[in-house]
Amino acid sequence: MAEESAPQARREAEAKAFFDKIISPFIDDTLESRQLQPRMVQLIKDNIKKKETPLHPLPSKHLLTPVATVEEIIDAIRKAKSDKKVLRVAGSKHSVPDAIFPKDGVTLWLTKELTKIEMQKETTEDGKKWLYCRVGAGCYLGNNPMDRQSDIEDSVCYQVALKGYGFPELGGIIHQCVGGFMMTGSAGGSLKHSFADVIQEIEFVDGNGCRLTAKHGTDLWRAVGVSMGLFGVITHVTFRLPQMKYVEGSESNHEFADSMLGPDMTGNSKLKESLEKNEYMRVNWFPQKEVMRVQEWVGKQTTVGEEVPYNSILSSIFMAGMAALSMAISNCILQQAELTETDYDIIGACLRPFVPLWAKPVNFRDTWYETLPMDDKAHTDSIIRVDFTEIWIPSTNVKPLWIGSSSCSRIRGPPTTLPLRSMAPRSPHSG
1 MAEESAPQAR
11 REAEAKAFFD
21 KIISPFIDDT
31 LESRQLQPRM
41 VQLIKDNIKK
51 KETPLHPLPS
61 KHLLTPVATV
71 EEIIDAIRKA
81 KSDKKVLRVA
91 GSKHSVPDAI
101 FPKDGVTLWL
111 TKELTKIEMQ
121 KETTEDGKKW
131 LYCRVGAGCY
141 LGNNPMDRQS
151 DIEDSVCYQV
161 ALKGYGFPEL
171 GGIIHQCVGG
181 FMMTGSAGGS
191 LKHSFADVIQ
201 EIEFVDGNGC
211 RLTAKHGTDL
221 WRAVGVSMGL
231 FGVITHVTFR
241 LPQMKYVEGS
251 ESNHEFADSM
261 LGPDMTGNSK
271 LKESLEKNEY
281 MRVNWFPQKE
291 VMRVQEWVGK
301 QTTVGEEVPY
311 NSILSSIFMA
321 GMAALSMAIS
331 NCILQQAELT
341 ETDYDIIGAC
351 LRPFVPLWAK
361 PVNFRDTWYE
371 TLPMDDKAHT
381 DSIIRVDFTE
391 IWIPSTNVKP
401 LWIGSSSCSR
411 IRGPPTTLPL
421 RSMAPRSPHS
431 G
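Positions 1 to 431 (UniProt numbering) are the ones given, in order, by the sequence shown.
Some hints could be false.
Here are the in silico distance ranges between beta carbons for each label pair [stated by the list, open to error]:
no. : residue 1 : residue 2 : range
1   : T389      : E118      : 32 to 42 Å
2   : D387      : T123      : 37 to 47 Å
3   : D151      : K79       : 25 to 35 Å
List of simulated lysine to aspartate or glutamate pairs, EDC-like, C-alpha gap at most 20 Å [stated by the list, open to error]:
no. : residue 1 : residue 2
4   : K163      : E125
5   : K377      : D151
6   : K360      : E248
Keep in mind that the hints were calculated from the coordinates and are not lab data.
For each residue, glycine too, the CB sits at the ideal point set by N, CA and C.
The task is simple: from the sequences and hints, build the whole structure.
Here it is, written out as structure tokens:
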């Protein structure tokens with residue numbers, strides 16, 4: 001009993017400390033508002049009763065079949081075809097288990113030769129220097145915190161950065177492997193750069209066990225690039241990378257009306273204009289009734305200046321824990337059939353500390369792979385654990401979307417923020 005009560009007492013103490021230090025100063029001392037603390041503690045008690053499991057727990061039936069060479073992939077595909085089984089590939093396993101492990105099938109795990117980085121050549125073309133490199137599809141872009149064997153120094157981003165080159169566009173995190181990042185349609189916040197711009201060749205094994213290479217600009221290359229893994233198993237990718245050093249910029253918080261999402265002088269949303277103006281951009285919109293704030297992150301490439309590290313507010317374990325708790329509380333309240341004004345006040349009080357208007361803009365100038373994936377150190381794999389669905393909208397349609405949404409006063413269920421950014425959507429080919 002003592003073993004069970006200690007974590008519960010600790011979590012109740014943390015919840016009370018969070019309430020006293022962060023929530024209380026923002027809420028008037030009324031009878032209704034004082035109900036938040038016991039409600040939060042009860043939420044902790046309910047959670048402690050559940051059996052704690054790791055992120056995306058894998059039952060014993062969820063087995064990975066390691067493959068170390070292209071020949072082993074060919075054999076696995078042909079056997080799966082002969083046995084009439086579904087075959088999938090696991091990368092960093094960011095998707096839900098059902099998308100990674102078929103009920104009656106095989107899930108491959110790319111190892112050894114399929115994770116290596118081969119620096120091919122450095123060339124000068126049209127007055128610019130380029131690096132050609134061939135990378136195994138199982139190689140991580142950065143460090144995968146959920147894989148104990150992962151090391152940032154073995155990642156493709158780190159290795160190409162050592163030579164002075166880089167990927168001009170990345171998603172919000174770089175925990176994924178190369179094949180998973182591509183086959184889940186991952187992208188970042190830029191209209192000027194695309195991950196596809198640097199892909200020269202895609203090597204894969206199709207459903208018949210045939211080894212094929214899709215070269216840049218061909219119909220096969222275009223088809224494989226958006227196939228979500230349905231064309232076969234990606235084995236290697238050849239990149240042509242430009243010289244890169246730093247990405248510099250700033251992160252700031254704004255009222256919705258004054259933000260990049262708000263209306264301009266003619267009443268149109270400023271989102272499209274902002275995307276076209278900035279080399280890199282990401283906005284996090286908090287649309288809740290008593291929040292209505294936007295966090296803006298903008299950046300551009302540079303080669304000069306001293307390093308100024310980028311540190312997300314959620315890179316702090318404490319703040320990540322408080323964010324997870326705040327979202328849990330807000331989502332719990334939003335599930336009620338009828339909400340009171342106090343409920344809206346509580347939600348606002350929980351979320352506003354994470355986008356304070358009094359905070360000065362945070363400036364940064366850091367290595368490109370430390371800044372472009374702005375959520376990479378935000379503990380999204382361990383503390384802030386959410387399942388989400390992304391909505392992709394053509395930039396030409398931003399006017400009706402944002403003007404129509406600006407009057408939204410209530411969003412039910414997770415997530416409690418609507419990030420306007422690109423990360424890996426769920427797909428059978430896990431990142």
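Right, here's what the structure says about each hint:
1. T389 / E118: 32 to 42 Å: Roughly 36 Å apart at Cβ, these two residues keep to the hinted range, so it holds.
2. D387 / T123: 37 to 47 Å: Holds, at about 43 Å.
3. D151 / K79: 25 to 35 Å: Between D151 and K79, where Cβ atoms are some 32 Å apart, the hint holds.
4. K163 / E125: 17 Å, holds
5. K377 / D151: 14 Å, holds
6. K360 / E248: 16 Å, holds
Checked against the numbered hints given earlier, this structure breaks none of them.
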